[in-house]
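Colleague: For reference, the chains in residue letters:
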Amino acid sequence: MQVLETDAQLVARCRAGDDDAWRELVERFSRYVYAIAVQAFGLSQADAEDVFQEVFARAYENLPKLRDDSAIRPWLAQLTRRLCLDTLRAGARVQVGDLPEPSGVDETISSLDEALALHEALAGLPENCREILDRFFARDESYRRIAEALDIPAGTIASRISRCLVKLRSELEGRNTPLAESGG
Amino acid sequence: MNEYNEETLANLLRTLPAPPEAWVKAAQEIPLARRGLDDIVERARADQAFREALIADLEQALEGAGFESDPALADAVRERLSL
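Quick note, the sequences are listed as chains A and B, same order. Per the numbering used here, the first sequence runs over residues 1 to 184. Per the numbering used here, the second sequence runs over residues 1 to 83.
Pulled out of the complex, with its shape left as it was, chain B reads as follows (with noise of 0.2 Å):
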């Protein structure tokens, strides 16, 4: 392994640079925006009821617009929203 002196390891380290964390997380939200949540904010935005209605009993909101209780998709609407 002595290839590995640490001028070598530096250039690798840099190889991997990070992308930018906004790409990250929209990837990582994948599975939750499979379940609706594109479509339940959109809705909340345009559609002044339902956002008060989340507001005041989001995953009630939830459920009465046919999702299915699912606590983290509560939680991520929660942060799109700032609620």
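Just chain A, with the same shape it has in the complex (with noise of 0.2 Å):
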């Protein structure tokens, strides 16, 4: 099992100028980054990568000016929706402000909030069970792709899963903490 460290404790490592803390900071944000662009305003993969590219780099010129490092979350969520709105409206061939933001962003990023503390409380599971729930889940992957990998019979990755998730369960009880208000 891992300890996660804060987003405060890893800004801090990025503003003291540590590259796999970055790293670590783009790890830990690039699923969420993406959920908005994708689900949120619906954008292609190709403007979803450039939206991508230009969040992280912005966020990387601009980190030193963040005010509070505990709020890295809400800022790149920020960010994106700006970037993703920019994009849709260049597409659109409108002045920039005469086209709203898609219904429902506000839902989704709520949602993607609470996915995105869940996916830091994988964190405190073992690793194997990490890696089955992250294929399985996230990257969805088939039983015999999973087995294949992971190198375990494709008959026990369904009970595998199971019981990962019941140790998710175990986890967030644990840390007695509503997914909406962790984090940081």
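Hints may be right or wrong, so weigh each one.
Computed far set for chain A versus chain B, every beta-carbon distance over 10 Å [what the hints assert, rightly or not]:
| # | residue |
| --- | --- |
| 1 | Ala8 |
| 2 | Ala12 |
| 3 | Ser30 |
| 4 | Ala35 |
| 5 | Arg73 |
| 6 | Arg139 |
| 7 | Val166 |
| 8 | Leu172 |
Sample of chain A residues at the chain B side, in silico, Cβ under 10 Å [stated by the list, open to error]:
| # | residue |
| --- | --- |
| 9 | Gln39 |
| 10 | Trp75 |
| 11 | Gln78 |
| 12 | Tyr143 |
| 13 | Ile146 |
| 14 | Glu148 |
| 15 | Ala149 |
| 16 | Leu150 |
Since the hints were derived computationally from the structure, they do not count as laboratory data. Predicted, not measured: the structure shown is a model, and the values here were computed from it. Quick reminder that beta carbons are idealized off the backbone N, C-alpha and C, glycines included.
Two chains, two frames, some hints: make the complex.
Modeller: Here you go:
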């Protein structure tokens, strides 16, 4: 099991010029930024890639200006929203300000916040559980592919997933913090 | 915490698919890019003599080209150019 560094600790290390910390920060928030672009704003993969790279480029540049290191997640969410909206407006060839955000963006991001907190809770699980849950649910891999990758019998995958979900639930119960409020 | 039954957890896990690995790697290399990684790679592809100097002694070639000694940058150059 690993103890997850807080967002504030991670940002502080990034600010100090630690390349490993930056890699970890990108890893931690890459799914979140990607999901906002694709799920909340419905961007194409090409547009999502542009937004994704621009978000992290701007984040890198402006990290020293972040007033509250623990606010990195909402800061990245806001930056991603703004760039997604710029992309939609550019595609629609309308003047900035004329195109509203797609409906349901707030609700989708709220759900993504919850999912990100859950993803962070995965860090409290054994490596084999993190791997199997991520491969099955987030990477949409088949039982067969997971079995080959992890060198375990395909027939045991379903029961392993079930057991790991139980462990994840226990991990969450141990935190005593609603998902939407955790993180940072 | 009873609201988080297995189905809810499964749905939340599905909500965050991984972006393509190349995107993540490119974003992770931003600090290196700012320190000249892209310029070095581009020059090595265009300038055979510079490429050969990198192959012969990467660190010395980088310093000779005006880059400060930086193990992370050197490793990234090796990886990008398959040296």
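Colleague: Could you run down the list of hints and mark each one as holding or not?
Modeller: Hint-by-hint comparison with the structure:
Consistency note on A/Ala8: stated as away from chain B, and its beta-carbon is indeed over 10 Å from all of that chain's, at 20 Å minimum. At roughly 16 Å from the closest C-beta of chain B, the C-beta of A/Ala12 stays outside 10 Å, upholding its exclusion from the interface. Not every CB of chain B lies more than 10 Å from the CB of A/Ser30, the least distance being 5 Å, so the non-interface label is violated. Interface exclusion of A/Ala35 from chain B breaks down, the closest Cβ pair being 6 Å apart, not more than 10 Å.
Listed as a non-interface residue, A/Arg73 keeps its Cβ farther than 10 Å from every Cβ of chain B; the least gap is roughly 13 Å. Distance check for A/Arg139 against chain B: the nearest CB is about 6 Å away, which does not clear 10 Å, and the non-interface claim fails. Consistency note on A/Val166: stated as away from chain B, yet its beta-carbon is not over 10 Å from all of that chain's, at 7 Å minimum. Listed as outside the interface, A/Leu172 is inconsistent with that label: its C-beta sits roughly 6 Å from the nearest C-beta of chain B, within the 10 Å cut-off.
The interface hint given for A/Gln39 holds, since its Cβ lies 8 Å from the closest Cβ of chain B, which is under the 10 Å cut-off. For A/Trp75, the shortest C-beta to C-beta distance to chain B is roughly 16 Å, which exceeds 10 Å, and the interface hint is violated. Against a cut-off of 10 Å between C-beta atoms, the interface hint on A/Gln78 is violated, since the closest Cβ of chain B lies about 18 Å away. Taken as an interface hint, A/Tyr143 does not check out: its beta carbon lies about 15 Å from the nearest beta carbon of chain B, beyond 10 Å.
Of the supplied interface hints, the one on A/Ile146 is violated, with its beta-carbon coming no nearer than about 14 Å to a beta-carbon of chain B, more than 10 Å. Evaluation of the A/Glu148 hint against chain B yields a violated restraint, the C-beta minimum of about 18 Å exceeding 10 Å. For the restraint placing A/Ala149 at the interface with chain B, the shortest Cβ-Cβ distance is roughly 14 Å, beyond the 10 Å limit, so the hint is violated. At about 17 Å, the closest approach between the beta carbon of A/Leu150 and any beta carbon in chain B exceeds 10 Å, and the interface hint on this residue is violated.
Checked against the numbered hints listed earlier, the structure breaks hints 3, 4, 6, 7, 8, 10, 11, 12, 13, 14, 15 and 16; every other hint is satisfied.
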